[in-house]
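*Asks:* Chain by chain, the residues run as shown.
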Amino acid sequence: MARAVDLLTRPFNPGEFVGPFTNAHPGLGGVCTFVGEVRPDDDVQALELLHYEAMTLAGMEDLADRTIARFGLMGLLIVHRAGVMHPGEPIVLVSAAARHRREAIQAVDFAMDHLKSDSWFWKRELRGGVWSWIEPRPQDHADLSRWD
Amino acid sequence: MSVRLVFLGKLADLAGTGERELPAPLDWAGLNAALPGPLGEALRQDRTRIAVNGLLLADKTTLHAKDGDEVALLPPVSGG
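For the protein sequence lines, the chains are A and B, in the order given. If you're matching positions, the first sequence starts at 1 in our numbering and goes up one per residue. If you're matching positions, the second sequence starts at 1 in our numbering and goes up one per residue.
No lab work stands behind these hints, which were simulated from the structure alone. Model, not experiment: these values are computed from the prediction. All C-beta atoms, glycine included, are put in the ideal place defined by N, C-alpha and C. Keep in mind that the hints are not guaranteed to be accurate.
[Said to hold, decoys possible] Partner residues are not named here, just some residues of chain B that face chain A (Cβ under 8 Å, in silico):
1) Arg20
2) Ala51
3) Val77
With these hints in hand, go ahead and build the complete structure from the sequences.
*Replies:* Put into C-alpha cells, the structure is as follows:
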C-alpha cells in the first residue's frame, strides 16, 4: 500500500483509514497524519466542495506520486471529501509513512498546501440560507511557493 | 457533431447550467462567440483555464475541440 488516494462523497472516520495504513508499513520510523475539518465559523451552516470527475482524482493521484518521490516515503494516504459537509466533519486526511520523522512531517505539509491551492476543487459556503463561492486567497499562493 | 461544454464552480452559476452542447469543431473564437456577457468575461480572465477531455491546455486560445470532445471551463480553485 505505497499509495492510497480516495475521493469520497460521504462522511468518513479518519481512524478507519489511518489504522490499516500504518499497519501496512512495518519497519517505518514515523507516521505523520493531518485531518482537516469544517470549522464552525460564525454562522456557516454547511460547506460544499465540488469536483470534476475527469480531473480531480487523477490530479490527486499525481500529487501523491510527486509527494512520495520528493520525500522518499514508504507510503502516502490521501482521503478527500466532496459534496456537502457540516461543521465538525472531516474534509481531508493526509498520512505519510517514512523511515524518519522529518520526511513524514514535511510530506504532509507539502501535500496539504497542494491540495488546498493546486487541486481541482471549488468550495462554497452556506450562510443564512445563501450559498456563496469561496475565492482563492493570496496566502494559498504564498503557501505553494514555499516548495518551489 | 457536437462538443460538450462543462462549467465548473461558479461558472456553472453564471451559465445557469452545468453542461451545454455546442456544434463541433469548436475553437477559441467560436467559444467566445457562444458565451456572451459575464460568462464570456469570466472565460477570458487569465485565471480561468480550459481542459479538453481532462487534459489542461497550456494556452487556452489554442483550443481546437472536435466532435465528441468534452471541454471544461475551470475557474480558480479553492479547495481543502
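*Asks:* Does each hint hold? Answer for all of them.
*Replies:* A quick look at each hint next to the structure:
Contact between arginine 20(B) and chain A, as hinted, is not supported at the beta carbon level, the nearest pair being about 15 Å apart and thus beyond 8 Å. Taking 8 Å as the C-beta contact cut-off toward chain A, the hint placing alanine 51(B) at the interface holds, the least distance being around 6 Å. Interface hint status for valine 77(B): upheld, as the beta-carbon distance to the closest one in chain A is roughly 6 Å, under 8 Å.
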